[in-house]
Every structure is written in structure tokens, then in C-alpha cells.
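Protein chains: 4
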Amino acid sequence: MSSPGPLTGRVESRVRASFAAQTMLATLGASIVELGRGRVVLEMPSDPRFGQQFGYTHAGAVTALVDTACGYAALTTMAEDREVLTVDFSANFVAPAAGERFRASATVLRAGRTIVVTRGEVHAVTGDGKPRLVAAMQATMMAVAPPPAKPDVPAT
Amino acid sequence: MSSPGPLTGRVESRVRASFAAQTMLATLGASIVELGRGRVVLEMPSDPRFGQQFGYTHAGAVTALVDTACGYAALTTMAEDREVLTVDFSANFVAPAAGERFRASATVLRAGRTIVVTRGEVHAVTGDGKPRLVAAMQATMMAVAPPPAKPDVPAT
Amino acid sequence: MSSPGPLTGRVESRVRASFAAQTMLATLGASIVELGRGRVVLEMPSDPRFGQQFGYTHAGAVTALVDTACGYAALTTMAEDREVLTVDFSANFVAPAAGERFRASATVLRAGRTIVVTRGEVHAVTGDGKPRLVAAMQATMMAVAPPPAKPDVPAT
Amino acid sequence: MSSPGPLTGRVESRVRASFAAQTMLATLGASIVELGRGRVVLEMPSDPRFGQQFGYTHAGAVTALVDTACGYAALTTMAEDREVLTVDFSANFVAPAAGERFRASATVLRAGRTIVVTRGEVHAVTGDGKPRLVAAMQATMMAVAPPPAKPDVPAT
Chain C
20 MSSPGPLTGR VESRVRASFA AQTMLATLGA SIVELGRGRV VLEMPSDPRF
70 GQQFGYTHAG AVTALVDTAC GYAALTTMAE DREVLTVDFS ANFVAPAAGE
120 RFRASATVLR AGRTIVVTRG EVHAVTGDGK PRLVAAMQAT MMAVAPPPAK
170 PDVPAT
Chain G
20 MSSPGPLTGR VESRVRASFA AQTMLATLGA SIVELGRGRV VLEMPSDPRF
70 GQQFGYTHAG AVTALVDTAC GYAALTTMAE DREVLTVDFS ANFVAPAAGE
120 RFRASATVLR AGRTIVVTRG EVHAVTGDGK PRLVAAMQAT MMAVAPPPAK
170 PDVPAT
Chain X
20 MSSPGPLTGR VESRVRASFA AQTMLATLGA SIVELGRGRV VLEMPSDPRF
70 GQQFGYTHAG AVTALVDTAC GYAALTTMAE DREVLTVDFS ANFVAPAAGE
120 RFRASATVLR AGRTIVVTRG EVHAVTGDGK PRLVAAMQAT MMAVAPPPAK
170 PDVPAT
Chain S
20 MSSPGPLTGR VESRVRASFA AQTMLATLGA SIVELGRGRV VLEMPSDPRF
70 GQQFGYTHAG AVTALVDTAC GYAALTTMAE DREVLTVDFS ANFVAPAAGE
120 RFRASATVLR AGRTIVVTRG EVHAVTGDGK PRLVAAMQAT MMAVAPPPAK
170 PDVPAT
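Protein chains in written order, with the working numbering: chain C, 20 to 175; chain G, 20 to 175; chain X, 20 to 175; chain S, 20 to 175.
Bound-form chain C, shown alone:
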């Protein structure tokens, strides 16, 4: 990404409005920590409703957070009349998701007109301890017209 930096107020408003429209993010308790051009950081608390079989946070919850961070990092580089959809992602889970909260950071590797490629990482954060990497994602995002013309037709 050759030009990270601050967002215009209009782009920031669009991201915040889109974020607020995602009920999944409210359910997860996610919030925006940082918003910049090609750079987004989100957080969510550890929550006993989203556990896996050993009591750690489920990979699906961790994935939801970092997918969202990647999506909005991509959106900040798109034309102002576009919305963003996830085409695909690949995620590695490198340590159990144990911590007080989780922080997902995303950056844009390349911003094309249609396809935007991003990377994200999730760190577990506990007290004053050093954040610990729990997951890494590489995600392909796509600029689409909002809303999709017909809700029952695939948007790609």
C-alpha cells in the first residue's frame, strides 16, 4: 500500500455506518480502535458465549473479527460509491484464542479497482501483557455496488 494515511470524514462516516449495520459485530461486542486509509484495527472482548470445546474462543468468532477488519481496510481504498464483499480468505490459527480481549489489525497489500488484497492478524490481549498472535489471515475483497441489485442473486 503506497499511501496509508488519514481518512476523509466522508469515508470514515461510511465505514462507521456500515460497521453499525452489522448485527454480528454488536453480538460479538466489537468496536473500532483505529481507522486509516488501508489500515483498520478492531477489538472484541473474550465472551463465554463464543467458546470452543476447550474453553478458548472459537475460530469462527476470531475469523469474523479479522474478516471485518480486512473488509473495512479494503473499503477505505475503494471508490466512494462502492461497498465491500469478501470473495475469499485463508486463515491460520497459530495459538489458542485465550485472553481478555482480541485485537484484529488489517492492512491492504494491493488496492485494485475491483479486487483488493488484504492481510490481517489477531492478537490476544491480557492485562498489561504483551499481545500474543493467535491468527493470521490473507483475504480477497471485492468492490460492489450497494446494495446488490437483487437480494436473491449472487453479487459477484
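These aren't lab readings, by the way, just hints derived from the structure by calculation.
Incorrect hints may have been included.
It does not matter which identical chain is used: a pair holds within one copy or between any two.
Unchecked claim - Restricting the straight-line Cα-Cα distance to at most 20 Å, the calculated cross-link-like pairs of lysine to any residue (SDA-like) are:
| hint | residue 1 | residue 2 |
| --- | --- | --- |
| 1 | Lys149 | Leu128 |
| 2 | Lys149 | Val60 |
| 3 | Lys149 | Thr42 |
In this text, all values refer to a predicted model and were calculated from it rather than measured experimentally.
Fit chains G, X and S to the given chain C structure using the hints.
Using the frame of chain C, we list chains G, X and S on its own:
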């Protein structure tokens, strides 16, 4: 997978106990539809708490369901004293996740002693309509000792 | 893929011409075994020039073959004035690539107007033996205008 | 990766010997630019034998280079009696592979005892120009005993 087929009662009990221990799955309302050796089908309802910005179900919720299906498909092929962790997955989202419920089907491509490779698909189901593919996953699972010896140490 | 089937002669000609233009495929000794709408099978011989450190065929050579199969499976579903580029892929290597030759089979999971999602598998073939799975791919392909307007500008 | 740094002579020798044993790398004309603990840089020239249909370098050749860089970055973190195999990777192709040569850089995200997670990037290099990103990979590597006990048995 050369030998799909029915499970022993012991393996089925292990999978059902592990499933029941995942609070994420209760939160999503997920249930087991089919359990066989190297083959698992799960379902969850569409739920307004897990929406993305256009009102479709969030990719993170869809991912949680199919990751779980892949994990248990893998577990059915592992030694009986093993548990399963997700090493990584790649998921494509091919249509908006719109439907009354979502069905995730997983099969094992290759069952190694340590690494088990799986594929899964998620279909949206509505009334009597034909199920529609919304996501496809390829996932790498790993057999581990349960529980991890120390909760704060990465299990891989 | 709802409508697999035979290709029109025009589409088959386009695929064969594109295949012939790829020097990589000649270098690998690859050939077309089967061409259908949304379905392509390629083969290449085992070749000592493409080995990894244990003498098996290198993952990069295996990947080149199955990426190509996925790309042409996608191309058969695209509008006739389009060419295909690989956006991304994920590949699992499930057994050493040992055999007399390798056969890559690809099918289309979903054919969108811009994005086509595919899956492919590579089997090792030896004598009259049963083909053995060595790799599995999930790949995202994109329809583009041929040739890219400016060779030095990213095509996405 | 918490402790990048120089390699011991023994580890460097092992990597160089393994590299030299890969005929694929000689065929591609690949060479080692940098070797450190958890960090490897390789290069190969652009070569008309490895072209795709528009004359750019084939994704398979680019993938072979960065997969190799990721594998050796992982190997530098493994116990000294281990070899490395690729479990899986995901790669995004963000720009046409056009240049005089290609440089693949890999780093280790997390070094487990069995599984090592890596990231790599490929840049096209031309004359004195700024290197241009053409591909990004996230790869899962596995420590195995060398050589596999039986060549015809999957090593995982």
C-alpha cells in the same frame, strides 16, 4: 476418503460431547444432522443477531459452522484418544448467505495420522427450494492430545 | 455448476489456443485430457527436472498444473470475449508427488460474471495402479479483457 | 517471530544442501539471496520457458519460488534433525509477473514444534526500478523426519 461409513458408538459419543462443549455452537443454534466416518452435516437457522451490513448472514457465522463440520469430519478418522484443532482453512463466499437456515457438509479428503485434510460446503436452505451453495471451504485439521497440557501454551 | 456439458467448437478453440500460448505448459510437458463446460482434465509426466529435495515432484510444478486446469475450467463458463487470470488459490499437499504422471482435474463450483470459483485435484498415476490423491486446490478466477490494456499495469 | 537473527553454520549448511537437492530450483535458475533464522530471500530470473498466455511469468513458477522461501524460513526454526514439507499454502496474485527477475521473501509468523506458519511475498525487479509486489503467500509447513520412512507412503 476410501472408507466412509457408520461410526462406532464410542466415536459418536465423543463427537457429540465435544459438540455440546462448544458454547459458540449453542449461540449459533447449530445442530448435528448427520455423523459418519469422514462425513458430517450440521445446520443452523438464519438469525438476525448474526447479520452483515446488507442483512445477509455474516461470513464469520457461516465459517464457524463449516469449520466445525470439517473439524468433526476429521475427528471421526482420528485415533480415539485425540482431539481436533483447526490449523488453517481457506473459504470462498460464492453467494449472499440468505435463507431460512444453513447446512454445512464436510468430508475428509485425506486422513493422515497427524494432519487431516477436509472440504466443506455451506448451502442456504429455504422452504422446499433447492439448496443454494453459499460457501466452500478447504481446511487442514490436526490431531492433538486433549486437553492441551498447558492452556496458555500453543497446542501445535 | 448447474450445466456441465460439451463445449462449443469456438470455446474449445479458444482454450486450446490459450493453452498453446503458455510456454510453462510446454516446459512441463502438459497436455489436455478432457475439456468440457466447467470441467477440465490435464496431465503431465513425472520429470526429473522438477524435483524437490526428496526426489518427489515439486509442489510448484503440481500447483502449476492444477492452477491451469482450474483456470480453463473457469474460462469455459465465461463470456466469449474474456480471458482468465488467477486471483488466488489455496492448495493442500496430502501425499508425496510420486508417480509416472500427474493428472489434474478441475470443476467449477460457481460461475459468476466476474469471479468464478473452482476446485481441482491432482492424482499421481502409475502403471495400472489406482490414482492416488496428492493435492487439492480451491481457486478464485477472474474474467478479464484480453490482452490487458497495458502490460505494465496490474490487470485486476 | 520473536528471535530472528543469524544462523549457525550447521543450519545454513543443511538449508544449502537441501536447496541444492531440488532440481526444480536449478531448472528455475533460483538462488539464495539471504538466509537468516526465520527469514529467507530467494531470486530467479524471468525466463521465456515459464510464461503464461500473455507472456508474463506463470503463477506456478512464482509459487514454486515463494513456497521454497517459506519452506526454508520454516526449516531454520526447526530441530536440527528435521526436514520440511509444505502442508498447504494460499497465494494471491496481485499484479502480472513481469520483470527482469523475481525476488521471494519469507518470514516465520509462528514456529511450533510440528507446525510452522510463514508468510512470503514475491516482488518483480527491473533494472533500478522499485520492486513491485506480484504475489503474497501464507503457508503452513511441517517438520518431518528425513527421509520419509517409505517413499510411497504419505509423509503426514
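Outcome of the hint check:
1. Lys149 to Leu128: Close across copies (16 Å), not inside one copy (26 Å); limit 20 Å.
2. Lys149 to Val60: within (17 Å within a copy, 29 Å between copies)
3. Lys149 to Thr42: Answer is neither: 30 Å inside a copy and 27 Å across each miss the 20 Å cutoff.
Going down the numbered hints, you'll see the structure goes against just number 3.
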